[in-house]
Amino acid sequence: MSISSGLIAIFLFFSIDPRIIEITLRSLFVSGSAALIAALWGVPIATIIAMKNFHGKFFIKTIFNSLIGIPTVALGFLLFLAFSRESGPLGFLRLLYTPTAVIIGEAILITPIIVSWAISAIEAVDPEIANLAKTLGASESQASFAVLKEALEGIFLAGIASFNRAIGELGIAQFVGGFIYGQTELLTTGIWIELQLNNIGASIALMMILLTTVFTINLALNTIKRMRGRE
Amino acid sequence: MKAIAVLKNVTRTFTNRTVLDKVNLQILTGEILTLLGPNGSGKTTLLKILASILRPTDGEIYFDGVKVTEQNVERMRMQSTLVFQKTVLFNGTVYDNIAYGLRIRRVPEKEINYKVTQILKLVRLEGFEKRSARKLSGGEQQRVALARALALDIRLLLLDEPTANLDPKNASIVEEVIATVNREHKITIVMATHNMFQAKTLPQRIALMSDGKITEVGTPAEIFGKLSKNLASFAVVGNTFAGTAEITEDGITLVDIGNDVQIAATAQSSGKVSVFISPEDIILSKDRFSSSARNIFKGRITEILDLDSVVRLKVDVGKPFIVQITKRSFNDMELNLNTEVYLAFKASSVQTI
Amino acid sequence: MQTWTKLFIIAVAATVLIIAGSYAYFQSLIGTRLLVSTTTSLYETGLLNATKQAFEVKYPINMAFIAVGTGQAILQAQGGSVDTLLVHSPSQEAQFLAGGDGICRKIIAYNFFTIVGPPSDPAHINGSSVTTALQKIVDYGRNHTTGRIWVSRGDGSGTHTKEKSLWAKANFNYTQISAEPWYANAGQGMSQTLNMANEFEAYTLADTGTYWKLSKDGTVSLIDYITEAKDLLNVYSVMAVNQTKHPSVNFTNAITFIRYLISDEGQELIENYGKDTYGQSLFHSTVQLLKQNSTLQIVRWIKEYAFIKEDNESYECPPQYRDSRYPDLYA
Numbered sequence: 001m002s003i004s005s006g007l008i009a010i011f012l013f014f015s016i017d018p019r020i021i022e023i024t025l026r027s028l029f030v031s032g033s034a035a036l037i038a039a040l041w042g043v044p045i046a047t048i049i050a051m052k053n054f055h056g057k058f059f060i061k062t063i064f065n066s067l068i069g070i071p072t073v074a075l076g077f078l079l080f081l082a083f084s085r086e087s088g089p090l091g092f093l094r095l096l097y098t099p100t101a102v103i104i105g106e107a108i109l110i111t112p113i114i115v116s117w118a119i120s121a122i123e124a125v126d127p128e129i130a131n132l133a134k135t136l137g138a139s140e141s142q143a144s145f146a147v148l149k150e151a152l153e154g155i156f157l158a159g160i161a162s163f164n165r166a167i168g169e170l171g172i173a174q175f176v177g178g179f180i181y182g183q184t185e186l187l188t189t190g191i192w193i194e195l196q197l198n199n200i201g202a203s204i205a206l207m208m209i210l211l212t213t214v215f216t217i218n219l220a221l222n223t224i225k226r227m228r229g230r231e
Numbered sequence: 001m002k003a004i005a006v007l008k009n010v011t012r013t014f015t016n017r018t019v020l021d022k023v024n025l026q027i028l029t030g031e032i033l034t035l036l037g038p039n040g041s042g043k044t045t046l047l048k049i050l051a052s053i054l055r056p057t058d059g060e061i062y063f064d065g066v067k068v069t070e071q072n073v074e075r076m077r078m079q080s081t082l083v084f085q086k087t088v089l090f091n092g093t094v095y096d097n098i099a100y101g102l103r104i105r106r107v108p109e110k111e112i113n114y115k116v117t118q119i120l121k122l123v124r125l126e127g128f129e130k131r132s133a134r135k136l137s138g139g140e141q142q143r144v145a146l147a148r149a150l151a152l153d154i155r156l157l158l159l160d161e162p163t164a165n166l167d168p169k170n171a172s173i174v175e176e177v178i179a180t181v182n183r184e185h186k187i188t189i190v191m192a193t194h195n196m197f198q199a200k201t202l203p204q205r206i207a208l209m210s211d212g213k214i215t216e217v218g219t220p221a222e223i224f225g226k227l228s229k230n231l232a233s234f235a236v237v238g239n240t241f242a243g244t245a246e247i248t249e250d251g252i253t254l255v256d257i258g259n260d261v262q263i264a265a266t267a268q269s270s271g272k273v274s275v276f277i278s279p280e281d282i283i284l285s286k287d288r289f290s291s292s293a294r295n296i297f298k299g300r301i302t303e304i305l306d307l308d309s310v311v312r313l314k315v316d317v318g319k320p321f322i323v324q325i326t327k328r329s330f331n332d333m334e335l336n337l338n339t340e341v342y343l344a345f346k347a348s349s350v351q352t353i
Numbered sequence: 001m002q003t004w005t006k007l008f009i010i011a012v013a014a015t016v017l018i019i020a021g022s023y024a025y026f027q028s029l030i031g032t033r034l035l036v037s038t039t040t041s042l043y044e045t046g047l048l049n050a051t052k053q054a055f056e057v058k059y060p061i062n063m064a065f066i067a068v069g070t071g072q073a074i075l076q077a078q079g080g081s082v083d084t085l086l087v088h089s090p091s092q093e094a095q096f097l098a099g100g101d102g103i104c105r106k107i108i109a110y111n112f113f114t115i116v117g118p119p120s121d122p123a124h125i126n127g128s129s130v131t132t133a134l135q136k137i138v139d140y141g142r143n144h145t146t147g148r149i150w151v152s153r154g155d156g157s158g159t160h161t162k163e164k165s166l167w168a169k170a171n172f173n174y175t176q177i178s179a180e181p182w183y184a185n186a187g188q189g190m191s192q193t194l195n196m197a198n199e200f201e202a203y204t205l206a207d208t209g210t211y212w213k214l215s216k217d218g219t220v221s222l223i224d225y226i227t228e229a230k231d232l233l234n235v236y237s238v239m240a241v242n243q244t245k246h247p248s249v250n251f252t253n254a255i256t257f258i259r260y261l262i263s264d265e266g267q268e269l270i271e272n273y274g275k276d277t278y279g280q281s282l283f284h285s286t287v288q289l290l291k292q293n294s295t296l297q298i299v300r301w302i303k304e305y306a307f308i309k310e311d312n313e314s315y316e317c318p319p320q321y322r323d324s325r326y327p328d329l330y331a
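Chains as they are written, first to last, in my numbering: chain A, 1 to 231; chain B, 1 to 353; chain C, 1 to 331.
Take the hints with a grain of salt, since some may be wrong.
Unchecked claim - With a cut-off of at most 20 Å between alpha-carbon atoms, the simulated EDC-like pairs for lysine to aspartate or glutamate come out as follows: (1) B:Lys-86 x A:Glu-150; (2) C:Lys-106 x C:Asp-276; (3) B:Lys-86 x A:Glu-86; (4) B:Lys-200 x B:Glu-31; (5) C:Lys-6 x A:Glu-140; (6) B:Lys-135 x A:Glu-86; (7) C:Lys-58 x C:Asp-264; (8) B:Lys-86 x B:Asp-306; (9) B:Lys-135 x A:Glu-140; (10) B:Lys-86 x A:Glu-22; (11) B:Lys-169 x B:Asp-256; (12) A:Lys-52 x A:Asp-126; (13) B:Lys-110 x B:Glu-129; (14) C:Lys-245 x A:Glu-86; (15) B:Lys-135 x A:Glu-128; (16) B:Lys-327 x B:Glu-280; (17) C:Lys-303 x C:Glu-199; (18) B:Lys-298 x B:Asp-260; (19) A:Lys-149 x B:Asp-96; (20) C:Lys-216 x C:Asp-231; (21) B:Lys-135 x A:Glu-153; (22) B:Lys-86 x A:Asp-17; (23) B:Lys-346 x B:Glu-334; (24) C:Lys-52 x A:Glu-153; (25) A:Lys-52 x B:Glu-74; (26) C:Lys-291 x C:Asp-264; (27) B:Lys-286 x B:Glu-249; (28) A:Lys-52 x B:Asp-287; (29) B:Lys-130 x A:Glu-150.
Stated by the list, open to error - Sample of chain A residues lacking proximity to chain B, with all beta carbon distances greater than 10 Å (derived): (30) Ile-21; (31) Phe-59; (32) Ile-129; (33) Leu-132; (34) Leu-136; (35) Gly-137; (36) Ala-161; (37) Ile-217.
What the hints assert, rightly or not - If you anchor each label on the Cβ, the simulated ranges turn out as follows: (38) B:Asp-260 x A:Pro-127: 43 to 51 Å; (39) C:Lys-6 x A:Ala-124: 36 to 44 Å; (40) C:Thr-5 x A:Ala-124: 24 to 32 Å.
Just so you know, the hints here were simulated from the structure itself, not pulled from any lab data. Note that the structure is predicted; figures quoted are calculated from it, not measured. All C-beta atoms, glycine included, are put in the ideal place defined by N, C-alpha and C.
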């Protein structure tokens with residue numbers, strides 16, 4: 001890296017380059033939507049797994065646990081095959097190379113994280129909480145919500161962790177997003193494609209934004225946690 | 001008197017283990033009924049069934065003459081409430097905890113606000129609304145749990161060992177509140193305990209439980225009368241011993257409880273008796289010192305149970321004694337398992353039955 | 001459990017809503033989209049972005065590029081996932097047309113590949129022919145046990161295909177030499193391959209466009225030793241994905257794009273791109289050149305190298321791969 005590309009990076013980082021802003025906003029939107037969808041699905045699934053006793057519970061938990069480590073390249077490639085316009089079973093949706101495809105892909109990627117973490121959070125809640133809620137008049141579902149409320153902090157952490165995983169992953173964004181200029185470029189694919197174009201300055205600027213985003217979110221979270229702990 | 005709740009042949013099994021075995025019991029409107037029995041006798045399970053948070057495997061329960069079924073169990077829950085032995089609190093403020101049940105009942109927030117203030121006054125926790133519930137001391141937490149139950153204006157209050165883990169100050173507040181709500185608010189109370197003092201003073205009726213069955217029901221006088229002859233099953237209750245009493249020349253009763261342990265008591269009795277010494281009345285020291293206490297025993301600490309502000313110790317002096325001291329003295333005295341200690345208590349502290 | 005059923009319905013509804021919403025939102029931003037799968041070298045020089053800007057001013061079509069190697073671009077087209085191909089690998093293009101996936105091929109530009117290497121020129125290839133130079137590089141590699149002397153794209157791109165044909169021409173078995181220790185497979189785009197060669201002080205085959213760009217801005221200090229030889233000719237073509245075989249493609253817009261590329265305006269844009277920055281053209285236009293059927297050496301070279309042979313005749317695009325509705329493309 002030459003000094004000049006470093007200077008360009010710093011310049012781009014602090015300037016209000018519309019393209020960089022666009023990529024950043026798109027990334028936040030895509031990963032945010034993915035985290036939201038994954039939470040919408042994952043939290044009810046986790047609640048049922050955590051609160052019900054059934055055969056194969058351990059097995060299902062193990063599956064979700066191991067899916068956390070799924071390589072994004074493998075998932076990206078599978079989704080690419082699935083979304084391929086003609087040969088793929090989901091090709092008719094015509095989602096390949098759209099940000100929507102990336103949202104779906106990342107949502108699938110992070111669902112195991114949300115589910116596993118949420119299960120742990122719910123299981124960590126005092127088992128008597130559900131009974132307590134019931135003694136105070138709660139119905140079965142109100143009691144489940146009381147437990148869920150106790151686990152809220154853990155579930156929220158799970159959401160943030162998955163957002164971080166989503167915004168930082170490259171494989172899916174590359175395979176089903178395809179870093180199309182002005183349409184599907186994201187922070188990670190932007191870093192990659194700008195490097196291919198030899199715009200090292202822009203790559204570095206995007207990387208700094210990615211790191212800043214992730215660090216800021218984690219810092220804010222830890223601060224909130226610390227403040228709540230002191231309360 | 002009219003029965004508020006009736007249990008008919010109530011049986012509950014947990015994976016092949018029968019915890020309640022064909023229990024028949026009537027709970028009369030306005031009374032305080034104490035379930036007295038050792039751990040594992042089925043007291044908690046019975047309370048959970050009365051609270052409609054556990055369904056019996058077999059048998060029937062009636063509330064005001066209405067049978068509890070799978071269909072109406074969620075509605076029946078509104079009739080009673082249970083305060084657990086181990087305090088469980090929601091994460092949040094004292095206010096949120098007390099408001100929970102009221103919110104479930106869709107009470108307007110303004111009314112909730114008023115009620116919370118009133119009920120906190122009753123349990124002597126004025127101004128605690130905004131405090132984080134889980135950061136309170138053990139005794140305060142149990143009082144919040146009691147307040148949370150009382151706020152609901154239910155007619156049947158179920159209490160599982162309400163003072164078992166409390167220091168004397170908090171225990172007496174809780175006992176006072178229980179007596180007050182029963183007397184002034186006409187709330188029917190069923191309370192599980194193995195504190196003999198409570199069983200003797202608070203309730204109108206006592207139901208003796210052992211091995212999932214109710215063996216006797218009666219007034220305290222009746223029950224304690226029979227109890228003395230049949231104490232073997234009650235040895236699990238802390239500091240209760242069966243023995244043979246003999247009145248000595250100087251007017252003191254000496255009770256031989258076996259293993260060379262003789263307890264001096266002021267009450268006049270002879271023959272087979274049960275004695276009970278409140279754990280708070282026992283003074284613990286590391287050295288033998290002379291005092292007016294008639295009973296002094298040497299023993300070793302065999303168990304330590306930390307209860308926030310107080311520490312409960314089991315001391316073996318030939319017979320196991322439960323002693324309760326403050327956390328502060330526990331630390332100052334540098335007590336440990338197997339530490340040699342002396343127990344001292346006055347003859348007047350010994351209750352004989 | 002009814003509440004859970006409700007919750008699930010809400011979750012499904014919200015998921016569908018978010019996905020549909022984001023899809024609608026992005027579609028409204030994108031409008032009519034023409035997906036062009038393109039070779040990295042065209043993309044990396046910035047020519048395509050320049051073309052996109054000029055093209056979108058004239059037509060209400062949103063051009064979207066996916067920059068991949070020729071191999072992957074063809075794979076995408078065979079799946080009907082893209083509408084147009086912009087590549088530079090005549091042999092692969094012929095196969096693609098023969099498979100019925102592509103139609104309406106037009107040669108739109110040419111330039112030369114170049115063999116570049118470190119300023120010290122350790123294998124002394126300066127002034128050699130392509131074949132001799134490769135021979136020297138192999139000899140050097142085999143006689144020096146340390147380091148890499150040759151970096152290959154190794155990504156199935158047009159440049160990679162070209163490299164393989166050059167090894168064959170110099171009588172080397174590609175499978176064999178690519179496994180030898182002095183040979184490095186980059187598996188990356190042109191810029192990164194050049195960067196790698198620069199780091200290793202090794203030789204590589206590059207398209208002139210990308211090489212000049214990196215050389216000009218000082219990213220690499222590699223020297224282009226062999227240029228403008230017949231064996232190093234690099235010809236770029238455009239093709240539409242066949243609508244008969246892939247009904248979902250955006251065919252009309254693809255034809256509009258092809259027409260634009262071979263129009264005088266499009267050809268001028270190609271010819272002039274990079275002149276301001278590099279002082280010389282990165283790409284040369286071909287349409288007029290081929291139309292005039294001149295006897296120039298370069299025309300002969302293009303015909304020999306990039307035309308497709310069919311019944312003893314060679315064509316820019318054999319008649320059966322043309323669309324009778326658009327005769328103007330080959331007028």
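Hint check results:
1. Distance hint between Lys-86 of chain B and Glu-150 of chain A is fulfilled; the C-alpha atoms sit about 18 Å from each other, no more than 20 Å.
2. Distance check on the hinted pair: Lys-106 of chain C and Asp-276 of chain C sit about 27 Å apart at the alpha-carbon level, beyond 20 Å; violated.
3. With a C-alpha separation of about 62 Å, the suggested pair Lys-86 of chain B and Glu-86 of chain A falls outside the 20 Å cut-off, and the hint is violated.
4. About 14 Å separates the Cα atoms of Lys-200 of chain B and Glu-31 of chain B, which keeps this hinted pair within 20 Å; it holds.
5. For the proposed pair Lys-6 of chain C and Glu-140 of chain A, the alpha carbon gap of about 14 Å is at most 20 Å, so the pair holds.
6. A C-alpha spacing of about 61 Å is found between Lys-135 of chain B and Glu-86 of chain A, which places the hinted pair above 20 Å, so the restraint is violated.
7. Distance hint between Lys-58 of chain C and Asp-264 of chain C is fulfilled; the C-alpha atoms sit about 14 Å from each other, no more than 20 Å.
8. Distance check on the hinted pair: Lys-86 of chain B and Asp-306 of chain B sit about 13 Å apart at the alpha-carbon level, within 20 Å; holds.
9. Restraint check for Lys-135 of chain B and Glu-140 of chain A: the C-alpha separation of about 28 Å exceeds 20 Å, so the hint is violated.
10. For the proposed pair Lys-86 of chain B and Glu-22 of chain A, the alpha carbon gap of about 55 Å is over 20 Å, so the pair is violated.
11. The hinted pair formed by Lys-169 of chain B and Asp-256 of chain B fails the criterion: a straight-line CA distance of about 32 Å is larger than 20 Å.
12. Simply put, Lys-52 of chain A and Asp-126 of chain A have alpha-carbon atoms about 15 Å apart, close enough for the 20 Å limit, and the pair holds.
13. For the hint linking Lys-110 of chain B to Glu-129 of chain B, the alpha-carbon distance of about 14 Å falls within 20 Å, and the restraint holds.
14. Between Lys-245 of chain C and Glu-86 of chain A the CA atoms are separated by roughly 10 Å; this keeps the pair inside 20 Å, and the hint holds.
15. Between Lys-135 of chain B and Glu-128 of chain A, the direct Cα distance comes to roughly 18 Å. Compliance with the 20 Å bound is thereby established for this hinted pair.
16. For a cut-off of 20 Å, the pair hint linking Lys-327 of chain B to Glu-280 of chain B stands: about 13 Å separates their Cα positions.
17. For the proposed pair Lys-303 of chain C and Glu-199 of chain C, the alpha carbon gap of about 37 Å is over 20 Å, so the pair is violated.
18. Annotation: proposed proximity of Lys-298 of chain B to Asp-260 of chain B holds, straight-line Cα distance about 12 Å (limit 20 Å).
19. Taking the CA atoms of Lys-149 of chain A and Asp-96 of chain B, the gap is near 12 Å; set against the 20 Å cutoff, the hint holds.
20. At most 20 Å may separate the alpha-carbon atoms for a hinted pair to count; Lys-216 of chain C and Asp-231 of chain C exceed this at roughly 25 Å.
21. Taking the CA atoms of Lys-135 of chain B and Glu-153 of chain A, the gap is about 17 Å. The hint holds against a cut of 20 Å.
22. The straight-line distance between the Cα atoms of Lys-86 of chain B and Asp-17 of chain A is roughly 60 Å, outside the 20 Å bound, and the hint therefore fails.
23. At most 20 Å may separate the alpha-carbon atoms for a hinted pair to count; Lys-346 of chain B and Glu-334 of chain B exceed this at roughly 25 Å.
24. Between Lys-52 of chain C and Glu-153 of chain A, the direct Cα distance comes to roughly 48 Å. Violation of the 20 Å bound is thereby established for this hinted pair.
25. In summary, the hint linking Lys-52 of chain A to Glu-74 of chain B is supported, as the alpha carbons are separated by about 19 Å, within the 20 Å threshold.
26. For the proposed pair Lys-291 of chain C and Asp-264 of chain C, the alpha carbon gap of about 12 Å is at most 20 Å, so the pair holds.
27. Between the alpha carbons of Lys-286 of chain B and Glu-249 of chain B the distance comes to roughly 32 Å, so the proposed pair goes past 20 Å and is violated.
28. Simply put, Lys-52 of chain A and Asp-287 of chain B have alpha-carbon atoms about 55 Å apart, too far for the 20 Å limit, and the pair is violated.
29. For the given pair, Lys-130 of chain B sits about 18 Å from Glu-150 of chain A by alpha-carbon distance, which is consistent with the 20 Å threshold.
30. Chain B leaves Ile-21 of chain A outside its interface by the beta-carbon criterion, the shortest separation being 39 Å against a cut-off of 10 Å.
31. Listed as outside the interface, Phe-59 of chain A is consistent with that label: its C-beta sits roughly 22 Å from the nearest C-beta of chain B, beyond the 10 Å cut-off.
32. Under the 10 Å C-beta cut-off, the non-interface status given to Ile-129 of chain A relative to chain B is violated; the minimum distance is some 6 Å.
33. A beta-carbon of chain B comes within 10 Å of the beta-carbon of Leu-132 of chain A; the shortest separation is about 5 Å.
34. Not every CB of chain B lies more than 10 Å from the CB of Leu-136 of chain A, the least distance being 3 Å, so the non-interface label is violated.
35. Listed as outside the interface, Gly-137 of chain A is inconsistent with that label: its C-beta sits roughly 5 Å from the nearest C-beta of chain B, within the 10 Å cut-off.
36. Taking the minimum C-beta to C-beta distance to chain B, about 21 Å, the non-interface status of Ala-161 of chain A holds against the 10 Å cut.
37. For Ile-217 of chain A, the non-interface assignment is confirmed: its Cβ lies about 23 Å from the closest Cβ of chain B, beyond the 10 Å cut-off.
38. Evaluation of the 43 to 51 Å hint for Asp-260 of chain B and Pro-127 of chain A yields a pass: the beta carbon distance comes to about 45 Å.
39. At about 26 Å, the beta-carbon gap between Lys-6 of chain C and Ala-124 of chain A misses the expected band of 36 to 44 Å.
40. Roughly 27 Å separates the CB atoms of Thr-5 of chain C and Ala-124 of chain A, a value that falls within the hinted 24 to 32 Å.
Hints 2, 3, 6, 9, 10, 11, 17, 20, 22, 23, 24, 27, 28, 32, 33, 34, 35 and 39 from the earlier list are contradicted by this structure; the remaining hints agree with it.
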